[in-house]
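> In the order they appear, the protein sequences are chains E and C. Note that the working numbering gives residue 4 to position 4 of the first sequence, counting from 1, and the numbers run on in steps of one. Note that the working numbering gives residue 106 to position 106 of the second sequence, counting from 1, and the numbers run on in steps of one.
I should point out that these hints are in silico values taken from the structure, not numbers from a laboratory. Treat the hints loosely; a few may be bogus.
Said to hold, decoys possible - Stretch-level coverage of chain C by chain E, calculated; a stretch enters the list once three of its residues show a Cβ under 8 Å from a Cβ in chain E:
#, stretch
1, 200-206
2, 282-289
3, 325-333
To be verified - Listing some non-contacts, in silico: residues in chain E with all C-beta distances to chain C over 10 Å:
#, residue
4, K15
5, R39
6, G44
7, T57
8, M62
9, R101
10, G105
11, T231
12, F256
13, G270
14, K271
15, Y278
16, T345
17, D374
18, P405
19, A447
Nothing here was measured: the structure is a model prediction, and the numbers come from that model. Here a beta-carbon is modelled for each residue, glycine too, at the ideal position from N, C-alpha and C.
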Amino acid sequence: MRSRPLKGENLAYDKDLMAAIATTRLGLGARAGEIVAARSDPQGWLTDQIRPQGADTIDPQMASSADRLAQYREFQTTRRTARAAGEPAPDPVKMAIQLIRRDAGPDFAGRLNLAAGTDASFRERWALFWANHFTVSATKVVTATLIGPFEQEAIRPHVFGRFEDLLVASSSHPAMLLYLDQARSFGPDSKAARYLENNGKPAGLNENLAREIMELHTVGVQSNYSQADVTEFARAMTGWSIGGLNEGDRSGKFYFRENAHEPGARDIMGKRYPEAGYDQARWVIRDLAASSFTANHLATKIARHFVADDPPPALVARLKAAYLDSHGDLAVVAQTLIRSPETWTPQATKFKSPYEFLVSSWRGAGTGPGEIQDAVRAMTAMGQKPLSAPSPKGWPDESAAWLDPDGLVKRMAWSETFSAQAVADRDPGQLADAALGARLGPLAAKAIGRAETRAEGLSILLMSPEFQRR
Amino acid sequence: MTPSFTRRALVGGALGVGVTLEFAGSHAFAAVDRTLARRKLVVIVCRGGLDGLSLSPPVGDPAYAALRGPIAIPGFGQGGGALKLDETFGLHPSMVQTYALAQKGQARIVPAVATPDRERSHFEAQDVLESGVNKVYGSASGWLNRALQAMGPAGKGAGISVGPTAPLILRGAVETASWSPGGGAEPDRRLPSILQDLYAHDPQLSAALATGLSTEAMAKTAQAQAVTAAAPATEDQTMAGGPTVAPVLRQGLPQSRRLGATLAAFMTEANGKQVAAVSIDNFDSHANQGASQGQLATRLAYLDAFIGGLADGLGPEWNDTIVVSVTEFGRTARVNGTNGTDHGTASTALLMGGAIRRGGIVGDWPSLQQAKLFENRDTAPTVDMRALFKGVLADHLSLSRAALDGVVFPDSAGVAPLRGLVA
Chain E
1 MRSRPLKGEN LAYDKDLMAA IATTRLGLGA RAGEIVAARS DPQGWLTDQI RPQGADTIDP
61 QMASSADRLA QYREFQTTRR TARAAGEPAP DPVKMAIQLI RRDAGPDFAG RLNLAAGTDA
121 SFRERWALFW ANHFTVSATK VVTATLIGPF EQEAIRPHVF GRFEDLLVAS SSHPAMLLYL
181 DQARSFGPDS KAARYLENNG KPAGLNENLA REIMELHTVG VQSNYSQADV TEFARAMTGW
241 SIGGLNEGDR SGKFYFRENA HEPGARDIMG KRYPEAGYDQ ARWVIRDLAA SSFTANHLAT
301 KIARHFVADD PPPALVARLK AAYLDSHGDL AVVAQTLIRS PETWTPQATK FKSPYEFLVS
361 SWRGAGTGPG EIQDAVRAMT AMGQKPLSAP SPKGWPDESA AWLDPDGLVK RMAWSETFSA
421 QAVADRDPGQ LADAALGARL GPLAAKAIGR AETRAEGLSI LLMSPEFQRR
Chain C
1 MTPSFTRRAL VGGALGVGVT LEFAGSHAFA AVDRTLARRK LVVIVCRGGL DGLSLSPPVG
61 DPAYAALRGP IAIPGFGQGG GALKLDETFG LHPSMVQTYA LAQKGQARIV PAVATPDRER
121 SHFEAQDVLE SGVNKVYGSA SGWLNRALQA MGPAGKGAGI SVGPTAPLIL RGAVETASWS
181 PGGGAEPDRR LPSILQDLYA HDPQLSAALA TGLSTEAMAK TAQAQAVTAA APATEDQTMA
241 GGPTVAPVLR QGLPQSRRLG ATLAAFMTEA NGKQVAAVSI DNFDSHANQG ASQGQLATRL
301 AYLDAFIGGL ADGLGPEWND TIVVSVTEFG RTARVNGTNG TDHGTASTAL LMGGAIRRGG
361 IVGDWPSLQQ AKLFENRDTA PTVDMRALFK GVLADHLSLS RAALDGVVFP DSAGVAPLRG
421 LVA
């Protein structure tokens, strides 16, 4: 493992506080004994979780995206056949419910169980960050069933590798190609478009994925690309598609459709890319990944997620430099985050998202999500409906998005119900020490100590500012 | 380069004619959500054997008045007379709110329905009604719980029972909630005040909690006001129907109505309950059951107030709701020697809700001619109660025939669902 400790950093915080911060701010909340285990070397506890093979697998048995697409296609064929035969077609809503229940629910449950039980919760948080960076949302039935495979196939293996590889994996995955409509984008002068036009089915360019790669995944709006750059990139990307049902081994997998590719050279952000088929867009992606705008955009997002809504400029600068110096090596970026003093500021300002709140509650109480529908209901009530990020931008990372009156009351109600079931005969004071360590303040400790029941004590812990923030 | 709203909307909204695949789009997905979340089912179990011939008196049946004697409900248009549904049937004059629903096509009667049980024992009959199997002690779980199971993930946590303990009908593998008035309905008020102290040094949390709590209090007050405001109207309507309202009725009505409104609140809140079971007791009217007024009239008024509170409380969501009110058995067609009635067979079920299909009585009316009475004493059943439930579950909650025949009502393949009851 590469270790690049920053020279000249003098971390003034004591090990107890750092262990608490490591497990709660950079991890997903401390499980019993975790803070104690991290105490001797809080930074090493984190860096030990970085590994070349990437994040943990959600479920090794999970169906591949190609399998899921085949199942989805079967469901559509059933309907179409029934209709063509003049028989009553199966209710599409019911069939869709079945697909989502069978696939998306267990995928999500697997992810929650992983988060609740993992000993490498920094690694998991790092994976969740990148999954949110490359959001695929369940706005279409088919994407709902592909989110799990997408995360497992395209995101998790690459989160400690080169960003460029992660970007290519995301941009060429069927889930992303469908979610952002790339699979049906045609070069206007491509053979396929001309053929379709002659047959009365005009088809054309779809800029959706090209735009989001530039705006959300890489350089960001601050790089001042133009609409012409987006269109040119979209033209370069034409042909990035998915093999159809009748296309044998290619079925349901990424497939470059030469016939749909717009011929010719492209001019993007001041650089000319000669015609090169698949490689044309691949070279654009390479350059986007290497851009200092991308370095700045990613560094800012990482610092905002891990440390503060208004990230310390010094931390952003460190992360950006690490990214550029390492040619986009995300393991190095993660190391840098861990070694930077700004990461360890005692003040906890980040307000947990509902997902983070539930996961850390389960970790603190030594339980898990239980019935998936309970977790889905709780998260939906708190404003974070599973698999349903509001846009390709993903879930917001600012406290203001989550710290609202209704959400807080919902958290309180959930805490009461959860605590009554989860506390059993355990001492809430000990649970609080184990969950927050040196971050537990005297006010909260006193309130927990004065609780009338164990369940009330656990509720107070979960709703304490120290636990709600990280 | 700021993303425009239009373009964002297109991300989810566009439907593709693709080279390789076509997609059911966001429309279908949104419909999934609606289907899962909106449709509601409430089953009211009237315990003790509710006299169907009083709930929906067949005053137009030539044999009715003679069989019933002093406990017969007077005919249409007479003082304390039945509220007319058709030429034969009316509703008991206590059932004013239910009658208002019926006039809107949102309440129908099933006048000769029974479980498969013929033993006339309260406990055995309730057991068969709730377990959904055709023999006593045939199952330790209830059919409504197994229906939640058949709903898959959507059924988890979707069920609630109103009453001190979970009734058999809702017991089983799927965890359900229960609530009863007076105990546990009010959340522990200690925690909010403890947290307010704890948030003293966190202005963001402190402000959010204060706003959140006051909103919640406002919602509660509004709900309570709606209930109290509506309660006097209930009594006025009852009085307008003719009979004088006994003092005990005055006390019980608002409570029953509030119970209905509270259940409605559980069902209309975000991620509210979709399926509920309610027990209303004390319908065992062996002596002095009364007619337009009296003991049974009072119990029916409570039932009616509960239904009214539920319907009004659900508001627009009443249109996605079906309420079925049933009892374990009916009572003898003839009045007994103590001006009451004894355990019988078929009784009346009420089928209500904005989601039902408008129509007349459900099932056939066997009539009260002596030769048609079951064992020469009871209303003869024409509808198996399981057929009624199966029809509602199939058409309203989209359960498959396989699940209904195999899981929800085992060994009931020969009992076809009553279809076409849902709009």
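> Each hint: holds or not?
Results of checking the hints against the structure:
no. : hint    : result
1   : 200-206 : holds (count 5)
2   : 282-289 : violated (count 0)
3   : 325-333 : violated (count 0)
4   : K15     : holds, 26 Å
5   : R39     : holds, 26 Å
6   : G44     : holds, 32 Å
7   : T57     : holds, 23 Å
8   : M62     : holds, 17 Å
9   : R101    : violated, 5 Å
10  : G105    : violated, 5 Å
11  : T231    : holds, 13 Å
12  : F256    : holds, 12 Å
13  : G270    : holds, 16 Å
14  : K271    : holds, 18 Å
15  : Y278    : holds, 16 Å
16  : T345    : holds, 17 Å
17  : D374    : violated, 6 Å
18  : P405    : violated, 3 Å
19  : A447    : violated, 5 Å
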